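Turn these sequences into a full structure, and let the hints steer you where they fit.
Residue numbers (the UniProt record's numbering), protein chains in the order written: chain A, 1 to 349; chain B, 1 to 349; chain C, 1 to 349; chain D, 1 to 349.
Any given hint could turn out to be false.
Because identical chains cannot be distinguished in the list, a pair is counted as satisfied if it fits within a single copy or across any two copies.
To be verified - Only pairs whose alpha carbons sit at most 30 angstroms apart, straight line, appear in this in silico DSBU-like list of lysine-lysine:
| hint | residue 1 | residue 2 |
| --- | --- | --- |
| 1 | K208 | K252 |
| 2 | K71 | K208 |
| 3 | K29 | K4 |
| 4 | K118 | K283 |
If you're looking for bench data, these hints aren't it; they were derived computationally from the structure. None of these values were measured; they are calculated from a predicted model.
The primary structure of each chain is shown beneath.
There are 4 protein chains.
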Amino acid sequence: MNGKLRTAIVGSTGYGGVELIRLLLQHPKAEITSVISSSNAGALYAEGYPHLSEIVTDRLEAIDVAAMKSKADVVFLATPHGVSTELSPKLIDAGLKVIDVSGDLRLKQGDVYETWYKHKPADPAYLDRAVYGLCEVFGEDVRGADLIANPGCFPTATSLGLVPLLAEGWIDPSTIISDAKTGVSGAGRGLGLAYHYSEINESTLAYKVNRHQHTPEIEQTLSRVAGQEVTMTFTTHLLPMTRGILVTSYAKLTQARTDEEVVNLFRSYYEGRKFVRIRPVGKYPATKEVSGSNYCDIGVSVDARTGRVTVISVIDNLMKGAAGQAVQNLNLMMGWDESTGLDFTPVYP
Amino acid sequence: MNGKLRTAIVGSTGYGGVELIRLLLQHPKAEITSVISSSNAGALYAEGYPHLSEIVTDRLEAIDVAAMKSKADVVFLATPHGVSTELSPKLIDAGLKVIDVSGDLRLKQGDVYETWYKHKPADPAYLDRAVYGLCEVFGEDVRGADLIANPGCFPTATSLGLVPLLAEGWIDPSTIISDAKTGVSGAGRGLGLAYHYSEINESTLAYKVNRHQHTPEIEQTLSRVAGQEVTMTFTTHLLPMTRGILVTSYAKLTQARTDEEVVNLFRSYYEGRKFVRIRPVGKYPATKEVSGSNYCDIGVSVDARTGRVTVISVIDNLMKGAAGQAVQNLNLMMGWDESTGLDFTPVYP
Amino acid sequence: MNGKLRTAIVGSTGYGGVELIRLLLQHPKAEITSVISSSNAGALYAEGYPHLSEIVTDRLEAIDVAAMKSKADVVFLATPHGVSTELSPKLIDAGLKVIDVSGDLRLKQGDVYETWYKHKPADPAYLDRAVYGLCEVFGEDVRGADLIANPGCFPTATSLGLVPLLAEGWIDPSTIISDAKTGVSGAGRGLGLAYHYSEINESTLAYKVNRHQHTPEIEQTLSRVAGQEVTMTFTTHLLPMTRGILVTSYAKLTQARTDEEVVNLFRSYYEGRKFVRIRPVGKYPATKEVSGSNYCDIGVSVDARTGRVTVISVIDNLMKGAAGQAVQNLNLMMGWDESTGLDFTPVYP
Amino acid sequence: MNGKLRTAIVGSTGYGGVELIRLLLQHPKAEITSVISSSNAGALYAEGYPHLSEIVTDRLEAIDVAAMKSKADVVFLATPHGVSTELSPKLIDAGLKVIDVSGDLRLKQGDVYETWYKHKPADPAYLDRAVYGLCEVFGEDVRGADLIANPGCFPTATSLGLVPLLAEGWIDPSTIISDAKTGVSGAGRGLGLAYHYSEINESTLAYKVNRHQHTPEIEQTLSRVAGQEVTMTFTTHLLPMTRGILVTSYAKLTQARTDEEVVNLFRSYYEGRKFVRIRPVGKYPATKEVSGSNYCDIGVSVDARTGRVTVISVIDNLMKGAAGQAVQNLNLMMGWDESTGLDFTPVYP
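Structure (structure tokens):
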């Protein structure tokens with residue numbers, strides 16, 4: 001016992017889980033005490049991930065609330081839809097803190113969850129208790145919470161690109177369209193023809209058009225910030241790259257603005273928030289510029305011809321879009337500096 | 001002399017030029033008699049493109065109108081901005097037919113060209129004379145023409161995805177947003193940091209936001225079809241792949257429609273046009289599904305929540321977006337079947 | 001009935017099968033009368049391959065020898081290991097001609113097959129009857145044959161790069177090492193973690209080291225050409241690209257030679273064979289330079305310091321390494337020009 | 001002044017330089033006091049590398065020995081061939097310590113340098129003084145040195161895969177062939193047609209066959225370890241990926257060995273050296289398994305049929321192949337633990 005906060009990771013064999021391991025291995029105030037997987041318990045973790053040979057020497061453990069209670073203070077859930085719905089209440093009731101990286105606890109209304117996820121929603125008491133951890137927007141709520149719903153990858157990039165404009169009433173909420181592009185790692189490690197190398201290499205496609213389950217999550221955030229119900233169009237595309245999300249959002253300005261004004265609005269809104277960087281006028285970020293890091297980089301452009309503003313926001317989907325923001329939430333929850341253990345410079349090129 | 005139509009290619013060393021060569025080599029009614037380049041005249045063509053070793057044994061020729069007059073019936077211009085502005089009039093005056101794959105003759109209004117291209121526009125007489133060769137929309141104009149402005153890559157994919165909706169008044173022209181994604185070959189063979197492998201691999205970015213020179217070309221087509229001035233938002237993104245364009249277009253429906261109705265509208269509009277294929281309801285095309293071929297594949301989705309329609313259109317930017325449509329225009333111009341020499345099955349995977 | 005040769009494709013839903021379809025659709029003397037798959041019979045072919053929408057409108061058929069007998073003259077087998085072992089004899093006995101693209105009939109010795117493939121070998125009578133169709137080396141045997149064992153992808157590229165040197169005794173057969181690199185499509189359409197996009201993108205690895213089943217096939221060819229038993233080292237690597245094989249072969253020269261001499265040897269050996277192209281001294285081919293085509297391009301280099309020759313040979317694994325050579329074998333078998341229907345210019349870039 | 005070692009980076013705008021910055025930013029005992037570039041002095045560093053926005057706020061400085069003397073203790077040179085030849089002597093004479101990441105000081109014999117690099121070699125006194133910093137082999141020499149020649153990317157991966165076998169006399173030095181594959185970042189940020197995305201994506205090729213300047217560097221190391229002159233065959237291939245080197249080395253065993261014996265030899269040789277990891281029998285590393293980290297992972301296979309051993313070694317070319325090993329050398333030079341500031345878990349996937 002070295003005085004570090006003890007963490008367990010359920011769903012540790014997925015890409016979100018393995019990225020959590022990368023981050024927590026280098027966290028100065030936390031340590032990993034259990035790597036947990038519903039399948040494969042007993043196997044050496046590094047057998048499935050040889051890049052962790054001689055680094056992670058643990059064996060996978062089965063899901064066991066009592067064992068987690070004895071070995072951990074905080075549990076991360078990087079699990080498929082439906083697992084957290086059942087498991088989070090048990091962990092909370094056992095006195096553990098929980099950071100849920102899955103989508104189960106993000107939507108406050110169970111019926112909306114059921115409509116978009118086609119799963120039974122969690123107990124409303126726990127949906128209420130769960131704090132939505134979009135750090136730069138709702139970070140105040142996270143301090144002292146014990147149950148965090150970590151935002152989805154697309155909602156993080158999309159919301160961070162729209163919130164300042166909505167918060168100040170600069171855009172018409174009924175005109176928002178977000179066109180998202182993601183690397184393939186967002187689909188996880190599970191096999192599928194769409195993620196078979198020869199199919200998606202040298203190709204791009206749209207998927208779940210008008211049906212992506214992250215749509216209501218974004219709308220929930222935008223509505224909360226705008227103080228009115230927001231309905232938007234959201235489209236996702238798969239790109240031939242492993243990491244990275246770029247979201248291009250469009251909306252009508254409520255009055256004429258210059259590029260400078262919009263840049264300044266963003267800079268002012270995110271002042272003091274290390275992980276959001278605003279590009280100067282006329283510059284737009286590339287996903288590679290945040291790869292391996294927890295940054296969300298944003299560029300904006302006003303089009304006087306159409307009266308629309310275009311916002312480009314990029315993240316590493318496994319970092320700010322999953323494991324990175326989860327650790328940021330851990331930091332906020334524990335009252336630590338939000339960037340503790342997250343000072344990863346983007347890996348470039 | 002074998003009775004084939006004689007063609008010359010100016011700008012033959014760019015990617016558009018080399019794709020024209022691939023197509024014309026297999027065309028049953030046309031042959032290449034000159035490969036022309038403003039630089040490098042005298043060099044063996046295949047030295048710069050070893051994949052054509054033992055296939056193209058010609059040497060590059062300098063630009064020489066008289067020589068073209070003596071050796072060719074039709075000249076393709078696959079040249080950078082500004083070349084065709086000067087050269088096309090001379091070729092036309094010499095009695096040659098011209099298919100201009102560059103952007104110089106596409107915009108009917110010289111001042112609009114100057115604003116977006118930052119080049120001096122062509123002589124208005126030739127701008128008037130040039131027929132805009134978007135085959136499935138304005139193909140009738142091409143028959144018998146002697147000067148064709150071959151559409152740009154983005155305008156082709158974007159316009160084919162919007163024209164049926166506008167032609168029938170199903171969408172509100174003031175609400176159109178097109179979000180385009182392109183492979184890197186669209187930038188040509190000229191070197192640049194943005195196209196340096198290590199910079200763009202595993203990355204994506206937006207570029208020329210609200211400033212892309214293809215915007216007025218799309219608007220010109222949409223305005224002509226809609227019978228009213230159309231102003232739209234158009235954004236381009238660079239993707240880590242070589243070939244392919246996917247455009248996602250959004251617009252407000254003027255009244256409620258079902259997916260089936262929209263699919264049927266597209267099928268009806270493009271009936272009998274081999275190179276446009278409409279996916280069934282709920283299916284969307286991938287760029288790989290048209291790679292190496294002249295197809296434009298389209299999928300649509302209506303969102304009842306927002307009253308918007310989303311259209312996904314894909315092309316191979318070097319085929320239907322450049323050389324393929326240029327040959328299709330040649331076919332129409334000569335009164336041949338539009339698919340002559342263009343029966344390329346997509347290369348998959 | 002249009003007088004064309006009728007062909008059926010068994011295993012038509014794999015990448016080898018779909019490439020055969022691409023080729024046969026454009027073959028002037030052959031047509032496809034059945035697309036056959038052991039699974040999925042009854043489904044529309046294009047549902048699994050939307051790039052063939054409106055091009056292939058057939059439904060998949062079950063494997064049925066009598067049906068093939070009634071509808072086809074020649075059957076292509078693009079099937080997993082073990083299928084041809086059973087099926088080819090039945091097809092031959094029914095009077096059909098067979099071109100087997102699988103590995104079942106390539107090795108003349110059943111026990112060697114069993115050792116490397118871990119499958120029961122085919123009936124020796126049919127192994128004897130099968131002609132190994134490495135066209136540029138053993139093409140004479142193919143004319144008039146009725147059962148062709150189409151060479152493997154690696155054996156084609158490797159053998160074509162070594163045969164001239166061995167045939168003339170220029171290299172020491174005991175010193176041959178071939179280091180092969182392949183795109184992922186060689187692994188087929190079947191899912192596997194190694195072919196999951198996020199795993200193999202931005203990565204390369206060696207696999208089946210010293211155990212690849214193509215090793216004895218290459219040795220069989222080299223032994224036959226050298227007139228003595230050849231044992232060699234052969235290693236395969238998976239590369240983050242879809243198509244293409246590059247093989248780098250090394251051997252000790254039996255006496256000092258210049259680059260020019262080796263280039264001339266290769267040019268002389270392959271004189272008149274359209275699909276093998278030899279690069280000049282100091283030039284080496286890239287896989288992209290043969291992509292989508294039936295070419296095998298070769299470059300050579302002599303190292304006076306070590307007395308070794310290095311040979312670089314590239315093919316498109318689905319073309320010259322599978323479907324392309326299968327059609328070339330069809331052409332030879334039927335007494336047609338070997339390039340009939342195979343005049344595909346490489347697709348570049 | 002915080003008591004940290006002050007470092008300057010010359011050639012900071014190349015890929016080696018920017019990776020050094022990533023590492024030194026997180027080094028607990030060193031800091032960067034100058035980013036230097038022969039071109040572009042005065043410009044903000046982050047303008048050329050927006051991923052470092054708000055992280056590196058320095059301006060580029062010109063090369064100025066006196067300024068370096070006043071601001072730094074150690075200078076890293078990540079410069080093109082020829083710069084260190086002139087600059088290192090001046091820096092050493094000024095009392096600075098130098099870690100040269102370029103190739104200028106690696107070859108002890110100036111004439112060999114001149115033959116392979118086609119540049120004038122450095123002053124022999126400095127060639128003698130330079131310690132070749134292959135840490136796991138010659139690390140003892142590094143402690144206390146003031147001038148380090150940091151090994152090349154290919155020599156690092158190749159030598160680490162062969163040294164244990166040569167040191168113990170298990171392989172015949174006259175039979176060594178190394179076949180190397182590299183990602184494109186090894187070519188640096190300078191533009192070139194071979195590194196143009198559309199040319200190298202979906203392609204692979206061999207280059208500098210039998211002429212790569214890293215050949216004599218590997219031979220120098222192997223000769224020193226073997227205690228006899230070693231001449232070997234070395235070939236390099238460019239792969240469509242950004243980072244990563246995989247080297248496949250072949251040699252004749254001097255007597256029969258099992259896989260287990262060879263694995264154990266490697267494990268014993270590298271015992272206690274954190275950055276070399278040996279895979280178990282039958283397992284081979286992928287480049288992605290070391291990406292972003294300083295590891296060299298190695299797998300081996302004995303082929304009883306041919307009496308050869310095959311060694312697969314992988315590194316991240318910008319880490320263990322350049323900046324990572326440079327920092328490892330800094331650590332050794334200063335008497336710190338060799339992994340100080342280098343505990344980067346590989347970034348996967």
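Comparing the hints with the structure gives:
When the C-alpha separation of K208 and K252 is checked against a cutoff of 30 angstroms, the pair qualifies both within a copy, at 25 angstroms, and between copies, at 19 angstroms. Within a single copy, K71 and K208 get their C-alpha atoms no closer than 40 angstroms, and across copies no closer than 41 angstroms, so neither meets the 30 angstroms cut-off. For the identical chains of this complex, K29 and K4 are neighbours both inside a copy (5 angstroms) and across copies (23 angstroms), given an alpha-carbon limit of 30 angstroms. In this assembly of identical chains, the alpha carbons of K118 and K283 lie at most 30 angstroms apart only when taken from different copies (20 angstroms versus 40 angstroms within one copy).
This entry does not satisfy hint 2, going by the numbered hints stated previously; all others are met.
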